[in-house]
Amino acid sequence: MSQQGGLLKGFRNDVRSRLERVGALDAKKVRYEHQGWRLITCIWLHAGVVHVFVNMLSLLFVGVRLEQEFGPVKIAVIYLLSGLGGSLLSVLFLQGVSVGASGALFGLVGAMLAELLGNWTIYINKCAVISVLLFVVAGNLAMGILPYVDNFAHIGGLVIGFLSGLVLLMKPQYGFIKPSKLPPGYDMHVISLKAKYNAYQYTLWITALILLIAGITSAAVLVFQGVDGIDKCKWCHYLSCVPTSSWKCRNSNICNETQVGNMLQIICTSNNKSSFVPVNQTQNVILELCSQLCS
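Oh and the sequence shown: position 67 is 67 in the UniProt record's numbering, straight run, nothing missing.
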């Protein structure tokens, strides 16, 4: 390796090591050392100034309108749940270290789509707005198949944000009037008042709440049981990166990790070669060993 290449690799490893120390999402530490707090702390960490700028610009573009209409508390809950959902799916299917708010931001986009569907009767130009949102989602997910982009965080955040939006952002149907807002003299037993929510909204709300609780709970149980999603779904890694003649995926070498006592068995899925390392070994060493086993 050239001196320049060695310096670059050393710099990258140093950045990764520093991010790990301050709370980056490390799949191994979450799975086997039960450092679940990393599922949340990684949302506020970024890999550089450009990363922060892009995430904050996206947050302003998507979040301001939602916060103005529904208030900061509901949007903060959706943001955190979406970030958690993105982190859980990322840990299930990826082996590296990641940071950023992409999952949470995708969750806000999902919440916008859910809010539109849940409050269908009170909006105009619905099809045009849905088309724009779906185009934005499809474009970003398509970008996610490039290397070094965590598309699993995008997908997890989008799904949880959509479900959270159906639960938290439902508005009263068109024509609903609060009894307290009626002029004096109106007899509530004589006039016909619309229910606050219609059957369609109630159905969406109940279904979304059940799926939201079941989804987050199931993913958390699988993560803390040390389940490797790639081992259960051999093709799923293509959702995050598709190798081409122009680039290789950082996950081209896929290894399964199995804890045996105080040791971790690393098994290359392409040739079944394996080796053991201490369970508290750093992710950099594990990735390097995986590369050697699969080469």
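No lab work stands behind these hints, which were simulated from the structure alone.
There may be inaccurate statements among the hints.
To be verified - Straight-line alpha carbon distances no greater than 20 angstroms define the calculated PhoX-like cross-link-like pairs of lysine-lysine that follow:
1) LYS232 / LYS74
2) LYS273 / LYS234
3) LYS273 / LYS232
As the list claims (entries may be wrong) - Taking CB as the label site, the calculated pair distances span:
4) VAL54 / SER131: 40 to 46 angstroms
5) TYR238 / SER17: 57 to 63 angstroms
6) GLN68 / GLN265: 25 to 31 angstroms
7) TYR32 / LEU60: 27 to 33 angstroms
8) ASN272 / ALA214: 15 to 21 angstroms
9) ILE122 / HIS34: 41 to 47 angstroms
10) CYS127 / TRP205: 22 to 28 angstroms
11) ARG21 / TRP205: 23 to 29 angstroms
12) SER218 / LEU141: 20 to 26 angstroms
Model, not experiment: these values are computed from the prediction.
Backbone N, C-alpha and C fix where the C-beta goes; we use that ideal spot for every residue, glycine too.
Right, here's what the structure says about each hint:
Restraint check for LYS232 and LYS74: the C-alpha separation of about 35 angstroms exceeds 20 angstroms, so the hint is violated. Pair hint LYS273 plus LYS234 holds up; C-alpha atoms about 17 angstroms apart against a cutoff of 20 angstroms. Our distance criterion of 20 angstroms between C-alpha atoms is met by LYS273 and LYS232, whose separation comes to about 18 angstroms. Range check, VAL54 to SER131: about 24 angstroms between beta-carbon atoms, so the 40 to 46 angstroms window is missed.
Remark: the range hint 57 to 63 angstroms for TYR238 to SER17 is contradicted by a beta-carbon distance near 29 angstroms. Taking the beta carbon of each, GLN68 and GLN265 are about 52 angstroms apart, not inside 25 to 31 angstroms as hinted. Distance hint check for TYR32 and LEU60: the Cβ-Cβ separation is about 38 angstroms, which falls outside the suggested range of 27 to 33 angstroms. Between ASN272 and ALA214 the Cβ separation comes to about 35 angstroms, which falls outside the hinted range of 15 to 21 angstroms.
One distance hint, 41 to 47 angstroms for the beta-carbon pair ILE122 and HIS34, holds here, with the actual separation near 45 angstroms. The supplied range of 22 to 28 angstroms is met by CYS127 and TRP205, whose beta-carbon atoms lie about 23 angstroms from each other. The supplied range of 23 to 29 angstroms is broken by ARG21 and TRP205, whose beta-carbon atoms lie about 42 angstroms from each other. At roughly 22 angstroms, the beta-carbon separation of SER218 and LEU141 lies within the given 20 to 26 angstroms, and the hint holds.
Violated hints, in rising order: 1, 4, 5, 6, 7, 8 and 11; the structure is consistent with all others.
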